[in-house]
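Take a look at the letters that make up each chain.
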Amino acid sequence: MLEACVIATILCGFIGIIFKENLVIKIISMDIMSTGVIAYYILIAARDGLHTPIISDRPNLDYADPVPQAVILTAIVIGLSIQALMLVGVMKLARNNPTLETKVIEDSVTK
Amino acid sequence: MINNITLIWLATPFFIGFVIYLFPKLDRFLSLGVAIFSLAYAVLIFSDRESWNLQLLDSFGITLTIDELSGFFILTNALVTIAVILYCWGNNRTTPQDNAGFNHFFYMQMIILHGSVNATFICVDFISLYVALEVISIAAFLLIAYPRTDKSIWVGLRYLFISNVAMLFYLIGAVLVYQAHNSFNYAGLQGSPPEAVAFIFLGLLVKGGIFVSGLWLPLTHSESQSPVSAMLSGVVVKAGVYPMVRCALMLEDIDPIVRFFGVATAVLGVCFAVFEKDTKRMLAFHTVSQLGFVLAAPIVGGFYALTHGLVKSALFLITGILPSRNFKQLQQQPMTTNIWIALAIASFSISGFPLLSGFGAKVLTSKNLLPWQVIGMNLAALGTAISFAKFIFLPHKQQKEVKEAKLSWGFWLAMAVLLGGLIAANIFYYQAYTLANTIKPLATIALGWIAYLLIFKKLVIKLPRDYEQFDHLIGVMSLILILLFWIVWTRSPVLI
Chain A
0 MLEACVIATI
10 LCGFIGIIFK
20 ENLVIKIISM
30 DIMSTGVIAY
40 YILIAARDGL
50 HTPIISDRPN
60 LDYADPVPQA
70 VILTAIVIGL
80 SIQALMLVGV
90 MKLARNNPTL
100 ETKVIEDSVT
110 K
Chain B
0 MINNITLIWL
10 ATPFFIGFVI
20 YLFPKLDRFL
30 SLGVAIFSLA
40 YAVLIFSDRE
50 SWNLQLLDSF
60 GITLTIDELS
70 GFFILTNALV
80 TIAVILYCWG
90 NNRTTPQDNA
100 GFNHFFYMQM
110 IILHGSVNAT
120 FICVDFISLY
130 VALEVISIAA
140 FLLIAYPRTD
150 KSIWVGLRYL
160 FISNVAMLFY
170 LIGAVLVYQA
180 HNSFNYAGLQ
190 GSPPEAVAFI
200 FLGLLVKGGI
210 FVSGLWLPLT
220 HSESQSPVSA
230 MLSGVVVKAG
240 VYPMVRCALM
250 LEDIDPIVRF
260 FGVATAVLGV
270 CFAVFEKDTK
280 RMLAFHTVSQ
290 LGFVLAAPIV
300 GGFYALTHGL
310 VKSALFLITG
320 ILPSRNFKQL
330 QQQPMTTNIW
340 IALAIASFSI
350 SGFPLLSGFG
360 AKVLTSKNLL
370 PWQVIGMNLA
380 ALGTAISFAK
390 FIFLPHKQQK
400 EVKEAKLSWG
410 FWLAMAVLLG
420 GLIAANIFYY
430 QAYTLANTIK
440 PLATIALGWI
450 AYLLIFKKLV
460 IKLPRDYEQF
470 DHLIGVMSLI
480 LILLFWIVWT
490 RSPVLI
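Protein chains in written order, with numbering that gives the first Met the number 0: chain A, 0 to 110; chain B, 0 to 495.
By construction, these hints were calculated from the structure, which means they are not laboratory data.
Be a bit skeptical, because a hint or two may be false.
In silico DSSO-like links for lysine-lysine, alpha-carbon gap of 27 Å or less [as the list claims (entries may be wrong)]:
1) LYS276(B) / LYS396(B)
2) LYS150(B) / LYS396(B)
3) LYS102(A) / LYS456(B)
4) LYS102(A) / LYS91(A)
5) LYS19(A) / LYS150(B)
6) LYS150(B) / LYS102(A)
7) LYS461(B) / LYS102(A)
8) LYS91(A) / LYS150(B)
9) LYS327(B) / LYS456(B)
Input sequences plus hints: build the corresponding full structure.
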């Protein structure tokens, strides 16, 4: 059930990237997609248990797997920086193309 | 000892990259130093001839493998970077509005790009690869957008967007591999569910510019400045190709998939290249095709990647100084003979003419093809000869008759590195020079020239460019995903 929700989130983001005209909304869709991917990592990390993996006196707890969580942290940071960079690019483009529709930008630029 | 050298070599470009920003005056010297360090490291790999395996931290840590295959890719990267730095040497950007020059920011990005490309050539786990590929995206975006015009920003933005979406799919694949094996190592692709392989390969196909998902590449590579195009076409796309070659060598199940995409992209790319009327776009389409040769015979892919990297960056640097980008205009406007000679050497090498290492690479690749690949690859080789006949048959004149700005010594030094490398690389496979081997490439070139002079020179067909629109490129990813899934699924023995 949770897995289906996560995959639906990824798909929503992907469809948004294709069908939305506005460049900013496309970037937000990409963010939704990456949120889905991050959630998927967390879901897989938690499939064996939910407890924080810290050594303590209490025996035999079901630990969450720390590796996917550690890995996805890197991906979050990279995703954030790429989005920041993209939005700066969009700001620059917005000066001459106030509507920010990709088709319009593409036509004006490739001629 | 080797471990320490490797780690220092891996970290130097990033460290020096930031040092350049602190000492802007030293930019060119520092970046040239880093590239020469890479060259020395590649020589060290070849002199040892053994593969080094590094396991950093614990069992979940980073794994690195360095062998001759990585050696070839690292050597390509080092030579191309040196040539590009030499090419840019004389042009300083003095004012912020000056678009032709290059300042310390440019060198900083280039050296960081160099370092991250190196990192992809030695890592063997999916997460290190992910990080390296994303750093490549960012650095390449900054280089593409360097002139700060609307056009360059849009081209860079498009590149960043497409590669980031592809890398999100790749991340899903990586976690599926982890779920199956509790490890991110490349070896985990064996025995992972088919969707994992499909997701990961989608990411790599897009990053490497392979087959239909590589159609973002022509616009990006042709609209960047010449040195940036040379870096992108010469080495950066190979960062996506190398992991596929590595996986194909490690795992038998993956090998046929990689070979299939190799043939498909070789034929597709060359079909576009033959009809193209613009020099830089033709070269970019041709890159799509040549990457197919690297993938078609993974075991010898390293050598092909080296020759292609040298040739393609040389060609991009030369087209950057030609008076026009249109073949029609170039036919009316003769260039100087010196430039034409450089252009012809590069074109001959890529068509597979003996004495240049492109010949050895072509022979070696064709010896390692499977029977079903042969027809497709021969067609692609013929197409290569046709498209480069366009360059070889351009008119040229002596220096005195042509009024042109004198070329800097940096350009000729860059050419010396790249074209000299092409001749020197013959030592890797001198066994190719037998009579039987020589006849086939010569016949291919002759056929290609005849076809060019009789048919393609007069042909005016303009292929539509709709498939290069942004939305279509993203949409095609979903189609390729289904195709990949189907290929992997029908081959997988578990599900039958």
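Taking the hints in turn, this is what the structure says about them:
no.	hint	result
1	LYS276(B) / LYS396(B)	22 Å, holds
2	LYS150(B) / LYS396(B)	34 Å, violated
3	LYS102(A) / LYS456(B)	34 Å, violated
4	LYS102(A) / LYS91(A)	17 Å, holds
5	LYS19(A) / LYS150(B)	21 Å, holds
6	LYS150(B) / LYS102(A)	14 Å, holds
7	LYS461(B) / LYS102(A)	21 Å, holds
8	LYS91(A) / LYS150(B)	11 Å, holds
9	LYS327(B) / LYS456(B)	10 Å, holds
When each numbered hint is compared with the structure, violations occur for hints 2, 3.
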